[in-house]
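Peer 1: We have chain F; now place chain G onto it with these hints.
2 protein chains.
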Amino acid sequence: MSSPARQRGRRPGDSGTRAAILAAARARFASHGYDRTRIRDVAADAGVDPALVHYFFKTKDGLFAAVMELPFRPAEVLGSEVAQGPDGLGERLVRRILSVWDEPAHRPGLLSMVVSAAGHAGAAAALREFVRREMVGRIATVTRHDDPRLRANLVASQVVGLILARYVLAVEPLASLDADALVPLVAPTLQRYIDGDL
Amino acid sequence: MSSPARQRGRRPGDSGTRAAILAAARARFASHGYDRTRIRDVAADAGVDPALVHYFFKTKDGLFAAVMELPFRPAEVLGSEVAQGPDGLGERLVRRILSVWDEPAHRPGLLSMVVSAAGHAGAAAALREFVRREMVGRIATVTRHDDPRLRANLVASQVVGLILARYVLAVEPLASLDADALVPLVAPTLQRYIDGDL
Numbered sequence: 001m002s003s004p005a006r007q008r009g010r011r012p013g014d015s016g017t018r019a020a021i022l023a024a025a026r027a028r029f030a031s032h033g034y035d036r037t038r039i040r041d042v043a044a045d046a047g048v049d050p051a052l053v054h055y056f057f058k059t060k061d062g063l064f065a066a067v068m069e070l071p072f073r074p075a076e077v078l079g080s081e082v083a084q085g086p087d088g089l090g091e092r093l094v095r096r097i098l099s100v101w102d103e104p105a106h107r108p109g110l111l112s113m114v115v116s117a118a119g120h121a122g123a124a125a126a127l128r129e130f131v132r133r134e135m136v137g138r139i140a141t142v143t144r145h146d147d148p149r150l151r152a153n154l155v156a157s158q159v160v161g162l163i164l165a166r167y168v169l170a171v172e173p174l175a176s177l178d179a180d181a182l183v184p185l186v187a188p189t190l191q192r193y194i195d196g197d198l
Numbered sequence: 001m002s003s004p005a006r007q008r009g010r011r012p013g014d015s016g017t018r019a020a021i022l023a024a025a026r027a028r029f030a031s032h033g034y035d036r037t038r039i040r041d042v043a044a045d046a047g048v049d050p051a052l053v054h055y056f057f058k059t060k061d062g063l064f065a066a067v068m069e070l071p072f073r074p075a076e077v078l079g080s081e082v083a084q085g086p087d088g089l090g091e092r093l094v095r096r097i098l099s100v101w102d103e104p105a106h107r108p109g110l111l112s113m114v115v116s117a118a119g120h121a122g123a124a125a126a127l128r129e130f131v132r133r134e135m136v137g138r139i140a141t142v143t144r145h146d147d148p149r150l151r152a153n154l155v156a157s158q159v160v161g162l163i164l165a166r167y168v169l170a171v172e173p174l175a176s177l178d179a180d181a182l183v184p185l186v187a188p189t190l191q192r193y194i195d196g197d198l
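Quick note, the sequences are listed as chains F and G, same order. The numbering of the first sequence is this note's numbering, which starts it at 1 and goes up by one. The numbering of the second sequence is this note's numbering, which starts it at 1 and goes up by one.
Bound conformation, chain F alone (with noise of 0.2 Å):
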């Protein structure tokens, strides 16, 4: 497996191809940001076949998730349920994430994100752009109201503070509250934001 006479080229289901196009995405989201990040770039730095990225990651977005140790693609997750319009979008987004961040085993790769984020200006330019391209841009489609991106940066903002509230600060009893019964609290304020009622 890790033999060190591995072979060292650059085809599927060689492992080290795969880490060599993470670490050279990693390189380039925190030196040029999400949005001037291509995969041809990230291709050319890893010295492999654009065509090799997608394989193993289908998407830039798909990149960045795996480089930010993210157990899901957030614009694939995202993209489902705004598709379904934009009636009960507020508790669906509650639920969805609340089923992925309750997960153990994702908690991790999530927190590593937001410490990255945190700690290193690159990455916090690259999270910036990617939250508001894949997340902000999607949810901006389906509001009802006459300025869509601003109601968008308000859901996304009680999105992240649920995140940090219950999952990195943890404090109680949220922290510790059944998901069934926290989704009927927060799903009002997203709807709101999404329809623009005040």
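For the record, the hints were derived by calculation from the structure and aren't laboratory data. Model, not experiment: these values are computed from the prediction. Ideal placement from N, C-alpha and C gives every residue a C-beta, glycine not left out.
Selected chain G positions facing chain F (Cβ under 8 Å, derived; list incomplete):
1. Arg128
2. Arg132
3. Arg149
4. Asn153
5. Leu154
6. Gln158
7. Gly161
8. Ala170
9. Leu174
10. Leu177
11. Leu185
12. Thr189
Peer 2: For chain G alone, coordinates are given in the frame of chain F:
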């Protein structure tokens, strides 16, 4: 001023004393957390009389604010708003928070607090205890709901998320929005959490 021959006495007015107390407090908060740090232990570590700690920092939350480089004492600010009762508290809280953070001179200290908490387990634990005791504990005294601490947790989640989205992630248009336009968007969320209506 900073002459090498400066006296090393521990008296009010000696800036070396204040720095020694701060260094001792920073180490204590990181190793013992907020709750188990006592003014008298910080004084002993710094080799000064406890009265000097009170002279410089008034209270434990004042000492913590100084260690975290905060430009104000959160417990004092919060206490004066909470003392006016629950009616309109959501709006008063958002307004006070924005007025502190919107001041550019305050920004570096506040951001360094976020970064140190995220990157250092001891700092995160101390911040968690501080939020719990001085912030959640105070807000919990005025909510009209039968689970006041949970309600205060939810208030904290939206406040922390708003700070992160507006000042750390700096997503637009939220980051540049005038405080007068932002207050009516977020205040109803806090008021709903305080009042306990769903």
